[in-house]
Every structure is written in structure tokens, then in C-alpha cells.
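Visitor: Below are the chains, spelled out letter by letter.
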Amino acid sequence: DTAVSQTPKYLVTQMGNDKSIKCEQNLGHDTMYWYKQDSKKFLKIMFSYNNKELIINETVPNRFSPKSPDKAHLNLHINSLELGDSAVYFCASSQGWRDSGRYFGAGTRLSVL
Amino acid sequence: KNEVEQSPQNLTAQEGEFITINCSYSVGISALHWLQQHPGGGIVSLFMLSSGKKKHGRLIATINIQEKHSSLHITASHPRDSAVYICAVSFYVQGAQKLVFGQGTRLTINP
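These protein sequence lines map, in sequence, to chains A and B. Under my numbering, the residues of the first sequence are numbered 1 to 113, in order. Under my numbering, the residues of the second sequence are numbered 114 to 224, in order.
None of these hints come from the bench; they were simulated from the model. Possibly wrong hints are sitting among the right ones.
Which stretches of chain B does chain A cover? Using the computed rule of at least three CB atoms under 8 angstroms from a CB of chain A, they are [claimed, not checked]:
#, region
1, 190-204
2, 211-224
Just some of the chain B residues that point at chain A, by a computed CB distance under 7 angstroms [to be verified]:
#, residue
3, 154
4, 155
5, 156
6, 161
No residue lacks a Cβ here, since even glycine has one placed at the ideal position from N, Cα and C.
One chain only, chain A, in its complex shape (with noise of 0.2 angstroms):
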């Protein structure tokens, strides 16, 4: 059974349409993230939720918005596509939301044309 999936593991799509990411995990955690890796790979923060309440939320544009239905949940949102919103992006997870290990997701492409 995989601890966090992701869905869709691909997702090809033109500027300016909404797409959504979903991220689903069975291991009880109570805190799930959303990573951006970009094309240096470098991984950057963007969003936190712990119980469904929104704790870290970085600098990111208002065109992304999370939605965390219940604590196994956090999907991600995002309107009016840009070019460089192309990215891999992953969902992790972690039991309470100071300091442990985080459990990642096989992340999604995004490729936005």
C-alpha cells in the first residue's frame, strides 16, 4: 500500500487553464506538505497544514490555492497557468508538524505549454 500517493504522476496542459494535484496519505499523520522542485531541482517549501489548519504558507502566488478536506488530504489547486509554473511537485507527510521525518510522495510533472 503506498503511504502517500499523488495523483496525476504526469500533467501536460496549456497556459491559463486550472489544474488540481491530489495527495492522499494512509500512515495518520496529522501534517501534510506541498514541495515545488523546479528545473535546478531544487525543493522549496509552499505549503503546510497541520489538522487541516494552514501553518506554513510561503511566498506563493495566490494562483495556488491548498485544500485540506480531512488530515489525509491536501490537494493543490492551481489557476491561470504560467509557463513557469512547470515544475515537479511533491506531496510529503509527517506526524505533528515540529520536527519529524517527512514521508514523500512519487511527485507530479507539471508541464505547462
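With chain A fixed as given, assemble chain B onto it according to the hints.
Guide: Below, chain B without anything else, positioned relative to chain A:
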């Protein structure tokens, strides 16, 4: 300048060699993470440590808080260890946790 610097950026070695990857950081941290990213892109969390040393199989991670430095060692390296190894540090700014990643070290182990 990034708060986290790794060295070397690229490392190629022969199977069986002892590998060391270094991570230096410039801020006071609450924890340091070592991650492994496979060629297929998946990321695995290897260690999280805030002091001392941890060992898991052939992997050893150490941290020196005073020197703001951590090392990841791989003993008896194997081609399947080929991956990008990423160091990340977590710290708090105005009560909010930040996690900053190094640029990664690409390790290639040749048979």
C-alpha cells in the same frame, strides 16, 4: 547565498568505496534532514537528526551543532546507491517553521 550548502555537487566513485557527503548551514536549526532522490524522481527521507549520530544499514549521518555541519556517509557503496542526496534544515522564524533545502549531491557509483 542559500542557508544550506552541500559538497560536493557531484561525486563519482567505484563500488565498495566509502562515501562522504557534506552539508553546512548558516542558521540555528531545530533539525536536519537527509533525503534521497532516485533517478526516477521519488524522494525518500533517510534521516532526521538534531544531535549526534544515526545509523541505518550502510548509511550513517552525523551532525555537529556547534560547527553547523552534517555529514552523510555510505559504507561499502553499491551502484544502487546512485541518487541525489539532499540535505535540508528546519528552523523557526517568528514562530513559523521553515524548511530549506540544499542543492543536492549527485552520487554515481560505478560497478
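Visitor: Taking the hints in turn, state whether each one holds.
Guide: Hints, one by one, checked against the model:
Restraint check on the region 190-204 of chain B versus chain A: 4 residues with Cβ-Cβ distances below 8 angstroms, three needed, restraint holds. Proximity of the region 211-224 of chain B to chain A, defined as three or more residues with a beta carbon under 8 angstroms from a beta carbon of that chain, is established by the 5 residues found. A cut of 7 angstroms between beta carbons decides the hint on residue 154 of chain B: the least distance to chain A is about 5 angstroms, and the hint holds. Because the beta carbon of residue 155 of chain B sits about 5 angstroms from the nearest beta carbon in chain A, less than 7 angstroms, this interface hint is met.
Proximity of residue 156 of chain B to chain A holds as hinted, the smallest CB-CB distance being about 4 angstroms (cut-off 7 angstroms). Because the smallest distance between the Cβ of residue 161 of chain B and any Cβ of chain A comes to about 5 angstroms, under 7 angstroms, the interface hint for this residue holds.
Hint compliance for this structure: every hint is met.
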